[in-house]
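Novice: Listed here are the chains, written in short residue letters.
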Amino acid sequence: MVKRNDNTWQFKVSFALAILMLFLVFGYFTQSFLEIRKVKPVSVAIERISGSAIESDLTPNTIQKNNGNH
Amino acid sequence: MTSTTNTTPSHWGRILEALAWASLLAAFIIGQIAAQTDYEALLQKQLPNVELTRSQANKDLPVVYRMQVDGAESPDAIVMSEGIGYGGPLVIGIKARRTDEGAKLNEVLMLSHKETPPFMERINNKGFFRQFAGKNVTDNFIVGDDIDAVSGATVSSEGFTAAIREAVHLGAVQHLKLPRTWQEPGWHIGINELILVALFALAFFGVYRRDRLAKYARYVVMVGTLVFVGFYANASLNLGNIAGMFMGYIPSPKQHPMWWIMIIGALGSVLILGRNIYCHQICPFKVVQDLLQKLSGVKLRIKPEVQRKSRALIFFLSWIALMLIFLSAHPALGSYEPFAMMFSLEGLGIQWYILPAALLGAMFVPSFWCRLFCPVGLYLNEIVRMRRLIRDRLFGGSAKPPSASGKTTKTIKVEQD
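Residue numbers (numbering that gives the first Met the number 0), protein chains in the order written: chain B, 0 to 69; chain P, 0 to 416.
Read the hints as simulated data drawn from the structure, not as lab findings. Do not rely on the hints blindly, as some may be mistaken.
A short, non-exhaustive set of chain P residues, derived as facing chain B with CB atoms under 8 Å [to be verified]:
id	residue
1	PHE27
2	ILE29
3	GLY30
4	GLN35
5	TYR38
6	VAL62
7	MET66
8	ARG300
9	ILE301
10	TYR335
11	GLN350
12	TYR352
13	ALA357
14	LEU358
15	GLY360
16	PHE363
Output of the computed footprint for chain P on chain B, the stretches with three or more beta carbons under 8 Å from beta carbons of chain P [what the hints assert, rightly or not]:
id	region
17	8 to 20
18	41 to 50
Quick reminder that beta carbons are idealized off the backbone N, C-alpha and C, glycines included.
Take the sequences, apply the hints, and build the full model.
Specialist: Written out as structure tokens, the structure reads:
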């Protein structure tokens, strides 16, 4: 019985330390996330993909065709 | 990825695992597209009042920009260069101009980098880039020869110098048609590399021998790794190194041989020998934890259920870290390990609280960080586990999965009892 109580106390302290650590690691992730948000990688990537798609649509052939239609 | 366990994953576990891998792949692709270098945008950000035009006279590499300030042509041209630093790729603009004494460098503009901010601050504060001003394009640009590295940021110094050297010398040959009169950089195999090889050799010796000599070898490795790998070289492996490898941030062996020795030593021991030598013997943070444990004399037990779930927790944490790293293409933004703070006392914001918490944990719980949070240890142990599975499939026998702590399940059980 004594041993079980002793274990419980140990489990609780080690668990509390682990939770504290976890909390700090998530804090670090939040800090990094806020840094990344400033750069907006998703928006930049979408812009670049759509930019290259527009460029590939405007190949010389397409431009010629469009000019011909007008 | 998050739900892989020793038992077969459930239906939902498999779906989660697939989603985790798919999201990592998506983050990787997005990050790589977003990180593509736009020289003009980078230059314009640093030189907002300057009109830039790509030089048509110098169409070969390196890319050169001409500048106009207030409508007048500037005598300086900007030579663009890319390289690999400690944290990842970097982009540099080198202002150069022709003079009566030959083409000379005027200023180095750091346009983009992935170095840890405190290291970059140290490099700037020490005036590292100022030493390039006034140098002739035919100079050697070799660290230790005509360039001084910043102590504690040697790899970054080497990376920046290599990027400048390559662009300047290429420009000298391609654009200025100058003969190669400069010295080429050689291999940097010195005392540091020999010490690291010796530490790995002693670690192998200590693992495979059980006599008194092996015991001494283990003590030597313990002190050596703490002083040399930790405080001197600050070369601990971290999640950023692993993610960086996937993103192609691999330094040249000439530029950073210690990185190669460390990777070959750590991966070689798990792949060839099936032993995680790095975590047990070479990791300096493990030594710090063991010393703290000895000092406190307190050995709190972790609830077996928590210990069992730590593997899934580390996978989950490393998934978040890898998402952040891949999205930003910046390894330092996801590496949550306290190693750099411990051994170089450099950190940012909340990083400063992670280190004391990890040390506090290590005082009371044996190998606190290794057992509950370390992604490198888990990955290396996973490789050992997979190696055993493959070996047992091929040659028969049963595979015992190692724990996340870098110890076998059996050892942990003994420790828990």
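Novice: Measuring from the C-beta of ILE301 (chain P) to each C-beta in chain B, is the shortest one below 8 Å?
Specialist: holds, 5 Å
Novice: Minimum Cβ distance from TYR352 (chain P) to chain B below 8 Å?
Specialist: holds, 5 Å
Novice: For the restraint on GLY30 (chain P), tell me whether the closest CB of chain B is nearer than 8 Å.
Specialist: holds, 6 Å
Novice: Holds or violated: PHE363 (chain P) as interface residue toward chain B, Cβ cutoff 8 Å?
Specialist: Status holds, d = 7 Å.
Novice: Do the numbers back the hint for MET66 (chain P), that is, is its least Cβ distance to chain B under 8 Å?
Specialist: violated, 26 Å
Novice: Are ARG300 (chain P) and chain B close enough, Cβ to Cβ, to be under 8 Å, as the hint says?
Specialist: Check passed: Cβ of ARG300 (chain P) comes within 5 Å of chain B, closer than 8 Å.
Novice: Going by Cβ atoms only, is VAL62 (chain P) closer than 8 Å to chain B?
Specialist: violated, 19 Å
Novice: Go through the hint on GLN350 (chain P) and say holds or violated, using the shortest Cβ distance to chain B against 8 Å.
Specialist: holds, 6 Å
Novice: Quick one, is the PHE27 (chain P) hint okay against chain B at 8 Å, beta carbons?
Specialist: violated, 11 Å
Novice: So, as I understand it, the hint says TYR335 (chain P) touches chain B; can you test that by seeing if any CB pair is closer than 8 Å?
Specialist: Nearest chain B Cβ about 5 Å off; hint holds.
Novice: Please verify that hint: GLY360 (chain P), Cβ, nearest Cβ of chain B, below 8 Å or not.
Specialist: holds, 4 Å
Novice: For the hint on ILE29 (chain P), does the least C-beta distance to chain B fall short of 8 Å?
Specialist: holds, 4 Å
Consistency note: the structure conflicts with the earlier hints numbered 1, 5, 6, 7 and 14.
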